[in-house]
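Visitor: The primary structure of each chain is shown beneath.
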Amino acid sequence: AQTVTQSQPEMSVQEAETVTLSCTYDTSENNYYLFWYKQPPSRQMILVIRQEAYKQQNATENRFSVNFQKAAKSFSLKISDSQLGDTAMYFCAFMKPGTASKLTFGTGTRLQVTL
Amino acid sequence: AAGVIQSPRHLIKEKRETATLKCYPIPRHDTVYWYQQGPGQDPQFLISFYEKMQSDKGSIPDRFSAQQFSDYHSELNMSSLELGDSALYFCASSFGQPSYNEQFFGPGTRLTVL
Numbered sequence: 001a002q003t004v005t006q007s008q009p010e011m012s013v014q015e016a017e018t019v020t021l022s023c024t025y026d027t028s029e030n031n032y033y034l035f036w037y038k039q040p041p042s043r044q045m046i047l048v049i050r051q052e053a054y055k056q057q058n059a060t061e062n063r064f065s066v067n068f069q070k071a072a073k074s075f076s077l078k079i080s081d082s083q084l085g086d087t088a089m090y091f092c093a094f095m096k097p098g099t100a101s102k103l104t105f106g107t108g109t110r111l112q113v114t115l
Numbered sequence: 001a002a003g004v005i006q007s008p009r010h011l012i013k014e015k016r017e018t019a020t021l022k023c024y025p026i027p028r029h030d031t032v033y034w035y036q037q038g039p040g041q042d043p044q045f046l047i048s049f050y051e052k053m054q055s056d057k058g059s060i061p062d063r064f065s066a067q068q069f070s071d072y073h074s075e076l077n078m079s080s081l082e083l084g085d086s087a088l089y090f091c092a093s094s095f096g097q098p099s100y101n102e103q104f105f106g107p108g109t110r111l112t113v114l
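Top line first, the protein sequences correspond to chains A and B.
Heads up: the first sequence is residues 1 to 115, going by the numbering used here.
Heads up: the second sequence is residues 1 to 114, going by the numbering used here.
What the hints contain is simulated information worked out from the structure, not anything from laboratory work.
Among these hints, one or two may not hold up.
Calculated pairs, DSS-like style, for lysine-lysine (alpha carbon to alpha carbon, straight line, at most 30 Å) [said to hold, decoys possible]:
#, chain 1, residue 1, chain 2, residue 2
1, A, K70, B, K57
2, A, K96, A, K78
3, A, K96, A, K55
4, B, K15, B, K57
5, B, K57, A, K73
6, A, K96, A, K73
7, A, K55, A, K73
8, A, K96, A, K70
9, B, K22, B, K52
10, B, K57, B, K13
11, A, K78, A, K55
12, B, K52, A, K96
13, B, K22, A, K96
14, A, K70, A, K55
15, A, K96, B, K57
Label pairs and their in silico Cβ distance ranges [what the hints assert, rightly or not]:
#, chain 1, residue 1, chain 2, residue 2, range
16, A, T20, B, G38, 22 to 30 Å
17, B, N77, A, Q14, 41 to 49 Å
18, B, P39, A, T3, 18 to 26 Å
19, A, P9, B, R110, 18 to 26 Å
20, A, A1, B, Q54, 16 to 24 Å
21, B, T112, A, T60, 39 to 47 Å
We treat Cβ as the ideally placed atom computed from N, Cα and C, and that holds for glycine.
Turn these sequences into a full structure, and let the hints guide you.
Guide: What follows is the structure, given as structure tokens:
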């Protein structure tokens, strides 16, 4: 079974600064997908960024980028130029390839962006 | 663009009662997933359906059952409700094939068991 670990329960960053959220995972699979989801106070689950394990290039989406280290089974999220709207719970998630494959989530990191 | 619809958005039940949660996937999506998120916890996978057949099963209690209908909407039936069933229940939908497709989450149904 796969496990996802987020060791930072809470983090704080000032507006316009950069913050990195950590995630490690454990799997025996060689091919898989990794995701970061954002859950703001509205509780809606919003996909932030995804990474295919077979791609060496780190994924980037505007101010969000990842540092994917497959050998170390590490998948960190970097948020640049933090904005107040980035305040949310962030979940790292793992998915095996396959039809109707489930997401396995980490325990989340609560990020607070301050003025 | 159309999103995943869940109804009701809020539900209050007494212990030992039953509840039915409904999920309407994005049009043309053939796969539905159910997740349960307890207070202060991460979402936990319950069950998934692809083309109206159960595809995978997670930590879903025997008191719960679900199905996907011919129009691809899904219902999660919960019986003998317990206090611990109070949670946010998410439905997500996707295309089943190819093997990776983004899961789009609905807004969730907040169930409170008193």
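Visitor: Now tell me if each hint is right for this structure.
Guide: Here's how the hints hold up against the structure:
no., hint, in the structure
1, K70/A <-> K57/B, "holds (28 Å)"
2, K96/A <-> K78/A, "holds (23 Å)"
3, K96/A <-> K55/A, "holds (15 Å)"
4, K15/B <-> K57/B, "holds (25 Å)"
5, K57/B <-> K73/A, "holds (26 Å)"
6, K96/A <-> K73/A, "holds (14 Å)"
7, K55/A <-> K73/A, "holds (14 Å)"
8, K96/A <-> K70/A, "holds (15 Å)"
9, K22/B <-> K52/B, "holds (15 Å)"
10, K57/B <-> K13/B, "holds (25 Å)"
11, K78/A <-> K55/A, "holds (18 Å)"
12, K52/B <-> K96/A, "holds (21 Å)"
13, K22/B <-> K96/A, "holds (26 Å)"
14, K70/A <-> K55/A, "holds (10 Å)"
15, K96/A <-> K57/B, "holds (14 Å)"
16, T20/A <-> G38/B: 22 to 30 Å, "holds (28 Å)"
17, N77/B <-> Q14/A: 41 to 49 Å, "holds (47 Å)"
18, P39/B <-> T3/A: 18 to 26 Å, "holds (22 Å)"
19, P9/A <-> R110/B: 18 to 26 Å, "holds (23 Å)"
20, A1/A <-> Q54/B: 16 to 24 Å, "holds (19 Å)"
21, T112/B <-> T60/A: 39 to 47 Å, "holds (40 Å)"
In terms of the numbered hints stated before, the structure departs from none.
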